[in-house]
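Given the structure of chain A, go ahead and fit chain B onto it with the hints provided.
Protein chains: 2
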Amino acid sequence: MKSLKFECRLKSRVNVLRSIQSKHRFQHHCLASENSNVARTNLTPSQHVLDIWHKAEAVCFDVDCTVTVNDSLDLLAEYMGVGKEVENLTKKAMDGTLSLGQALEERLKLINCKPKDIKSFLAANPPQSRFAKGIVSLVTRLQERDVTVYLISGGFRELTLPIAEQLGIPRQQVFANRMLWQWDDETLEPSRLVGFDISEPTARNQGKPQAIAKIREAHTYSSVVMIGDGITDLEAVQVSGGADLFIGYGGVQRRAAVEKDADWYVMDFAELEAAMKCYQVAMIGSGAWACAAARMVAQNALENTSGMFDTKVKMWVYEENYEGRKLTEIINERHENPKYLPGVSLPENLVAMPDLLEVTEGADLLIFCSPHQFVRGVLKQLAGKVKKGAVAISLIKGMRVRVDGPQLISQMVERMLGIDCSVLMGANIAEGIAKEELSEAVIGYDNLDNAYVFEKVFQRPYFEVKLIPDGPGAEMCGTLKNIVALAAGFVDGLGYGPNSKAAVMRQGLSEMMNFSTRLYPSIRSETFLESCGMADLIATCYGGRNRKVAVEYASSWQAGAPQTFDALEASLLNGQKLQGVMTSDEVQEILRMKGWEQDYPLFTTINRIIHSQLDPSYVVKYKEGAGINISLHADPTVLKSGDTPPKGPRLAPLNTF
Amino acid sequence: MKSLKFECRLKSRVNVLRSIQSKHRFQHHCLASENSNVARTNLTPSQHVLDIWHKAEAVCFDVDCTVTVNDSLDLLAEYMGVGKEVENLTKKAMDGTLSLGQALEERLKLINCKPKDIKSFLAANPPQSRFAKGIVSLVTRLQERDVTVYLISGGFRELTLPIAEQLGIPRQQVFANRMLWQWDDETLEPSRLVGFDISEPTARNQGKPQAIAKIREAHTYSSVVMIGDGITDLEAVQVSGGADLFIGYGGVQRRAAVEKDADWYVMDFAELEAAMKCYQVAMIGSGAWACAAARMVAQNALENTSGMFDTKVKMWVYEENYEGRKLTEIINERHENPKYLPGVSLPENLVAMPDLLEVTEGADLLIFCSPHQFVRGVLKQLAGKVKKGAVAISLIKGMRVRVDGPQLISQMVERMLGIDCSVLMGANIAEGIAKEELSEAVIGYDNLDNAYVFEKVFQRPYFEVKLIPDGPGAEMCGTLKNIVALAAGFVDGLGYGPNSKAAVMRQGLSEMMNFSTRLYPSIRSETFLESCGMADLIATCYGGRNRKVAVEYASSWQAGAPQTFDALEASLLNGQKLQGVMTSDEVQEILRMKGWEQDYPLFTTINRIIHSQLDPSYVVKYKEGAGINISLHADPTVLKSGDTPPKGPRLAPLNTF
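So the sequences go chain by chain: A and B. Just so you know, the first sequence maps onto residues 0 to 656 in numbering that gives the first Met the number 0. Just so you know, the second sequence maps onto residues 0 to 656 in numbering that gives the first Met the number 0.
Hints listed in this document are in silico derivations from the structure and should not be mistaken for laboratory results. Computed from a predicted model, the values in this text were never measured in an experiment. Careful: at least some of the hints might be erroneous.
Because identical chains share one entry, a pair is satisfied inside a single copy or across any pair of copies.
When the alpha-carbon atoms are kept at most 20 Å apart in a straight line, the in silico EDC-like pairs for lysine to aspartate or glutamate are as follows [claimed, not checked]:
no.: 1; residue 1: K547; residue 2: D491
no.: 2; residue 1: K311; residue 2: E143
no.: 3; residue 1: K434; residue 2: D491
no.: 4; residue 1: K622; residue 2: D584
no.: 5; residue 1: K465; residue 2: D598
no.: 6; residue 1: K455; residue 2: D363
no.: 7; residue 1: K386; residue 2: D50
no.: 8; residue 1: K622; residue 2: E435
no.: 9; residue 1: K108; residue 2: E143
no.: 10; residue 1: K465; residue 2: E623
no.: 11; residue 1: K132; residue 2: E84
no.: 12; residue 1: K622; residue 2: E463
no.: 13; residue 1: K132; residue 2: D267
no.: 14; residue 1: K259; residue 2: E164
Pulled out of the complex, with its shape left as it was, chain A reads as follows:
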């Protein structure tokens, strides 16, 4: 997608050259415009144009004859009784006799109004009486999508602000010329209009691209669109640093020169509104977290009145029988997933389906949230079958260990489907989200445009989403914290206090950071302070199921009746696999392959405890635990439930260490 934008920017550069070559093009075209009828091909937008329109982060509107059906200054002149004179002057400007600035200056002199005249003029001609057809609806829908709307007018700020106010556009998003007033000896007020401030970009030739350049300096918009009826609006894409796309509007004034060179020419704003992107969203997975996430997605799809999302959100459910019936049927009837997220009502626009390809057919946004051991199978089925232009996000925590190194889930999606894949990670225990308690997450992205869309998919009043340009960092955090959660569970299960738990968690975060940046040197250390890092670690070490099972494990050892993780998963997790155990094994395999085990004493000790090679109390003596030569001390085979665990090295009682 980046390449399209680049292509479009390139085009702008070419246009700059074109513009320089034909210096007097402006006047010439303006004169020729009204009567000619040029053959057109840009009434239907190309895919390039549509792509930019879909991902525009800022849209700038010209005001006179675009937002409003008339020119405010002409109207004011009429109101002041000098309509005819100003009209003649405008004609002179069109002849090329006067420059833009001179013409404006002359018109102001003729109009010669006082502040009170402007006020009464505005009262007599309120903006709502002059709006072009469809503009209010278009601006509203753009704003609902968090697209920032600007007004860039060659007219005056004093006449434009009331229009902006009606459209809900803040003052700082209005660019126009400012009148200059002087103190009037008679009124003893600054009521003498003496001209206008020539330092505003709109006061100069090529003022609109200059205004847009100012906007771009202050923000990081990746795409900016200019919409207007005139040649000065078209200039927005003809000068470097301006807009990425120019849409000509002919609903009030149809000008041939503009129509000829516009990237897209519309006669009605309804065309633009209809062409706004409507994303189809597919959730792949239906566990507790998938259901809690899909619930937010479906809520957003329904509530987003901008039409950005298809209200129907499809969710792939691995079909199984529950209480004698198909799980998909139960979900669609009861609007609840009684097996994995019981007691939580799901929106009616969330539809459960057992056929993976039916779910993803036509989907623009793919959300992966299946158990991580099934992802590869899912991706194999999807390979070559996703919609062109579709993008993905992964909510899955885990990694894949291969001979040539580890692979993140997002990397697997990108490689197997050939599409961009962001990640959403954070302190997100499903039950809390389902209860709509305050939660936070980050979207780790590579492509910012896609991240913006996913932000709108997930952001809820109770669910704060932050974008960070570190997908691998966020994903590693989400993955590795489950290992540390086991340690936290051991600490809790053995009855140690908060100092010990905090110490183990700190060491855990430290090993997470070190391991992640060693595998992926681009990972940023700030990421570990975000919701996906320390916050998720905290939530998981106090509230998650990895901790819960680890508590039981440690207690069972302490009580002298040790259980295995397999047995505990079966009895406590409804048969679901414990993520932390799988991840610990995956990470340990990497550590072994690379000869790094001793550099990660907590990770190593946890893995040894999991496999009953060490007593759980080693969690608070992890350096010692990692240093023991296991083969000399304990049987490395994994215990079956009911077995007596091999005795680890003799442990000193806690208070003597």
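Using the frame of chain A, we list chain B on its own:
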């Protein structure tokens, strides 16, 4: 203290020049040495010399005639029956006819031994039969103090390693020459001695300072001492990059040239042992944390067999009556502080005293751990009365707000007493430490030498201490986390889940970092990932009393019977003040003064909740809470217990936000 070291280094530089000027000094002095009797002034060490000896982090010993009563190579020659010949050769070396390297080479040729000869020689002459008087005890005591001991020998590694092993010195701490062997056609083993490796620093002239330079490259020792009997040992301080101090040893061979130029000359290692620093430690404070910390300090003072600490540790107790008797008397009788840390036995060498000046008299190490509102009064009493050279550490969490900006407790100590003050901060809930559960802390230092000493004061098998060069960062962490703990308590008291708590804690840590680095730009962001940062935050947000009282506060509001913090402190804290409330008020005063309130929405909302200006449920809507114009919505006066709280703005029910 740094300046002394600098002076001493300067002296080394001067010596380098001196050494270069008298090129042939080495041979000359060696010949002159044995019989002359120079007038001496360095048999008693100066204070400068003692200071360096006290803070030495590495001590390097020459081996032949220093550690052992003879020269191993001479002894080997004798053993091989060529003692006389080697003796003659040594004389030739002393004449200046042969270089150091040539002499060594020639002696090896004469000795002409096989590997098996070396083995049988070593068996016949075990190191323990040849140790100089007092060396084993001295080395042991140095090692007990974590001073790293090196052997730097002009002889051979093969003969030195058994000596090192007996002294518990690891191989990597031995510098000596390595023999070179070749394959012997007859034995078919590498048993032919052909010379020695000239790439070892000790194989060259000025080899000892070169070996020390190598050591210093690999470590960050601030002080290194060389001890030996010969001129090559003295060179260690005569060449830049070498040792900071040279102590001549004359117990085996008394050489006048060495005696003349040594910084300190001893005839018996017992002199060095006797001159080791014995620190007197004073604990100022006797609350729960002070008692738990003093318990560790007293344990260390007793158990450190190096004599580094006076075993008697004095603790200042603000005298009060407890069950009709003086608290100090009860503590000294029962070895327990029943009022502030009941049920925890204190070591008998910890002595409670009511007189502050009696406690600090003669103390080298002052540990401040009183309630932070009393520190100023304590420091006023101590000003001008602490021992010269004494240094301090603060365990106190809090800050002082003054018109000209905030002041940390450590800064107050430094300013009012004129001494260096480190801080010890970490996830250290007193009860957990008293139970000897695994805990961690950092010492934030400005002066590394002092931090090393305090590390030995506090480090316990269950209490991991890490040194970080960021005192202000550690102290700000320890101080600010108590505010966040209140927020955590509100979240818990209102029954929100782990996602919300993690989100609030993450925001808290983020505001802590931002506020700290804004006040003190030198603060390092890594500090917030240490035990004093995220770990302490976690422990305090789950286990501390700030959280506990905040839980009660929020529950009381939720139950419709709101209490004030004053009332809760009285009923829950035995009348002690809640640190978080005080710190929140202090920080808020700074935020108000600087106009920063809106930049710290969580801090601001917490402060408003504390003062009953907002309902506690605003803790999960802190942005909104900080944005409300309080004066318009609620009575800003603090509630008395039993009052009905003013209603804040109408709150939406939780699940609709």
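To see whether the hints hold, each was checked on the structure:
no., hint, in the structure
1, K547 <-> D491, "both (9 Å within a copy, 19 Å between copies)"
2, K311 <-> E143, "within (19 Å within a copy, 72 Å between copies)"
3, K434 <-> D491, "between (26 Å within a copy, 15 Å between copies)"
4, K622 <-> D584, "within (19 Å within a copy, 41 Å between copies)"
5, K465 <-> D598, "between (32 Å within a copy, 17 Å between copies)"
6, K455 <-> D363, "within (14 Å within a copy, 62 Å between copies)"
7, K386 <-> D50, "within (15 Å within a copy, 76 Å between copies)"
8, K622 <-> E435, "between (40 Å within a copy, 17 Å between copies)"
9, K108 <-> E143, "neither (41 Å within a copy, 93 Å between copies)"
10, K465 <-> E623, "between (39 Å within a copy, 18 Å between copies)"
11, K132 <-> E84, "neither (29 Å within a copy, 116 Å between copies)"
12, K622 <-> E463, "between (38 Å within a copy, 12 Å between copies)"
13, K132 <-> D267, "within (7 Å within a copy, 104 Å between copies)"
14, K259 <-> E164, "neither (33 Å within a copy, 91 Å between copies)"
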